[in-house]
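Line by line, the protein sequences are chains G and S.
The first sequence begins at 56 in my numbering and counts up by one.
The second sequence begins at 45 in my numbering and counts up by one.
Read the hints as simulated data drawn from the structure, not as lab findings.
Treat each hint with caution, since some may be false.
Said to hold, decoys possible - Calculated pairs, EDC-like style, for lysine to aspartate or glutamate (alpha carbon to alpha carbon, straight line, at most 20 Å):
1) S:Lys344 with G:Asp265
2) S:Lys342 with G:Glu255
3) G:Lys66 with G:Glu85
Claimed, not checked - Residues of chain S placed beyond 12 Å of chain G at every Cβ, according to the derived structure:
4) Arg84
5) Gly166
6) Ile176
7) Ala207
8) His225
9) Asn240
10) Leu269
11) Asp281
12) His312
13) Leu320
14) Met338
15) Gly346
16) Ala347
17) Asp352
18) Thr355
Ideal placement from N, C-alpha and C gives every residue a C-beta, glycine not left out.
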Amino acid sequence: MTRLPVKKTYKLFVGGAFPRSESGRTYEAEGQNVARASRKDVRDAVRAARAAQPAWGGATAYNRGQVLYRLAEMVESRVPEFAELCGGRDEVERAIDRVVWYAGWADKLPQVLGGANPVAGPYFNFTVPEPTGVVAVLAPDASPLLGLVTRLLPPLVGGNAVVAVASETRPLAAIELAEAIATSDLPGGVVNLLTGFRSELAPVLGAHMDVNAFDIGPSNGAAAELETLAAENVKRVVHGNPDGQSPWEIAAYLELKTVWHPIGQ
Amino acid sequence: MAQAPVLPPGFELPLEPRLPRIGSIDAVALEERAASLAKRSIKRDAKVFALELAIRTIDLTTLEGADTPGKVAAMCSKAVRPDPTDPSIPSCAAICVYPNLVPTARERLQGTGVRVAAVASGFPSGQYPTPIKVADVRSAVELGADEIDMVIDRGAFLSGRYAKVYDEVVRVKESCGESAHLKVILETGELGTYDNVRRATLLAIAGGADFVKTSTGKIPSAATLPVALCMLEAVRDVYAETGRRVGFKAAGGIRQAKQAVQHLVLVHETLGPEWLTPELYRLGASSLVNDILMQLRKEKTGAYQSPDYFTLD
Chain G
56 MTRLPVKKTY KLFVGGAFPR SESGRTYEAE GQNVARASRK DVRDAVRAAR
106 AAQPAWGGAT AYNRGQVLYR LAEMVESRVP EFAELCGGRD EVERAIDRVV
156 WYAGWADKLP QVLGGANPVA GPYFNFTVPE PTGVVAVLAP DASPLLGLVT
206 RLLPPLVGGN AVVAVASETR PLAAIELAEA IATSDLPGGV VNLLTGFRSE
256 LAPVLGAHMD VNAFDIGPSN GAAAELETLA AENVKRVVHG NPDGQSPWEI
306 AAYLELKTVW HPIGQ
Chain S
45 MAQAPVLPPG FELPLEPRLP RIGSIDAVAL EERAASLAKR SIKRDAKVFA
95 LELAIRTIDL TTLEGADTPG KVAAMCSKAV RPDPTDPSIP SCAAICVYPN
145 LVPTARERLQ GTGVRVAAVA SGFPSGQYPT PIKVADVRSA VELGADEIDM
195 VIDRGAFLSG RYAKVYDEVV RVKESCGESA HLKVILETGE LGTYDNVRRA
245 TLLAIAGGAD FVKTSTGKIP SAATLPVALC MLEAVRDVYA ETGRRVGFKA
295 AGGIRQAKQA VQHLVLVHET LGPEWLTPEL YRLGASSLVN DILMQLRKEK
345 TGAYQSPDYF TLD
């Protein structure tokens, strides 16, 4: 019997759900109609991220590592699908390995970035890294899967919630990744993925007062404008390296809190 | 059964035989109309107008066991100047507190034009003997309350003792004296049906209510749009029949600017722009103010706002 194939509608990923753009708009990318997010979708995504962040940031480091490892498992089970949407199998495998690499850092960060500080007085003095909050990410265009994973994982490992704008020209891998994230144990809203026009969405994220850090990607023409907008609430601005892999990438989204505690008798 | 006093001409309620006959509100149509009015798109100038109006009609409320004079004092400052960084934002209509905190609020709000409302008459349950309720109201008025928010006795209402409910409203109204305005809280979430909501609204109005108010804010089901519409229609019908203008206060569960605008649309469409003033319309809320302030600042700056930059209470 012949059957009608079920065609996929490419949507946004906000608060753990897959809505269309509130504007109803789409644009064409990679031969598909993809949702074209509006400023209100940005608003909704940031709201979802803000709501989800405390529970994710408050989860134990061990638990965050486990959940991110589970994300690697979910991508691993879809290697052929991902391979068609990015630079091939090699890129998918590197992306999976990168997720696992970062997942392992979750419970090692405090030792590397924080510590017990020597002070000239009868006090214990500790430095503890804490997530900065909601992080906005403009995903790179090159290597649509690996690039996105590279920029997504550092803020996530540290306990931040993320609103990412997928590559404008190659968004399908990001949507596929959203489906893997939805089936991992990441709580809804910790990762939100928007597709659409970067020139339209980036300034809204840059000016949003409830975004704490903004990865605007490698320096380009728009950097000065975005940095000016980000200055209004003193966002951390990161010029993310699309292929960086280092604990310092995680540190870019952490606040170091220092605690003084009197030494008892 | 107590004897009902003389009623305003042309308005027979609450004659016991008439009340039970009020009924058969079309719940589906009511909810549909409320939902369709809520879908109105209010943008730009109209939105700013609605948001500023919402602030002007807010009864900034704190009704917790843990309320202290310090908290009420801070809330009074907020009611006078909701956004300390923006003097163009108007003051709220009133603050609403328990009677014990009325003197604190009175002192803080002297000369500001912001009124002091007190909940009284055995708030929030209303399950107290009538003399105690009356004494409660009288003492709140003596402490300096400009407005009294009383609760009806839902137990009596639901068991059909309408006269008791009515008499209490009348006696509380007498205790309010000349100066204090009376708002009657129906606690619609406990009334069960829209028919009962309409019945209770008419009963309260006949008893002398200056305002009818949806809820105490103490139970989860509060000022929903259909309930508000139901009460507004009763207010409209009383106006049509007697020419008497009764105010309406929506309270409980209104936390977002969008909901406030939806309520204002409902009033505008049911009673007209005449009712869009603090003298005839109030919104009872606490966290709503911050959301409105965030929306107003967003309209001014173009950037979405964060609660980090607004006061906590």
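So, going through the hints one by one against the coordinates:
| no. | hint | result |
| --- | --- | --- |
| 1 | S:Lys344 with G:Asp265 | holds, 16 Å |
| 2 | S:Lys342 with G:Glu255 | holds, 17 Å |
| 3 | G:Lys66 with G:Glu85 | holds, 14 Å |
| 4 | Arg84 | holds, 17 Å |
| 5 | Gly166 | holds, 38 Å |
| 6 | Ile176 | holds, 44 Å |
| 7 | Ala207 | holds, 49 Å |
| 8 | His225 | holds, 38 Å |
| 9 | Asn240 | holds, 36 Å |
| 10 | Leu269 | holds, 21 Å |
| 11 | Asp281 | holds, 38 Å |
| 12 | His312 | holds, 24 Å |
| 13 | Leu320 | holds, 27 Å |
| 14 | Met338 | violated, 9 Å |
| 15 | Gly346 | violated, 7 Å |
| 16 | Ala347 | violated, 4 Å |
| 17 | Asp352 | violated, 7 Å |
| 18 | Thr355 | holds, 15 Å |
Checked against the numbered hints listed earlier, the structure breaks hints 14, 15, 16 and 17; every other hint is satisfied.
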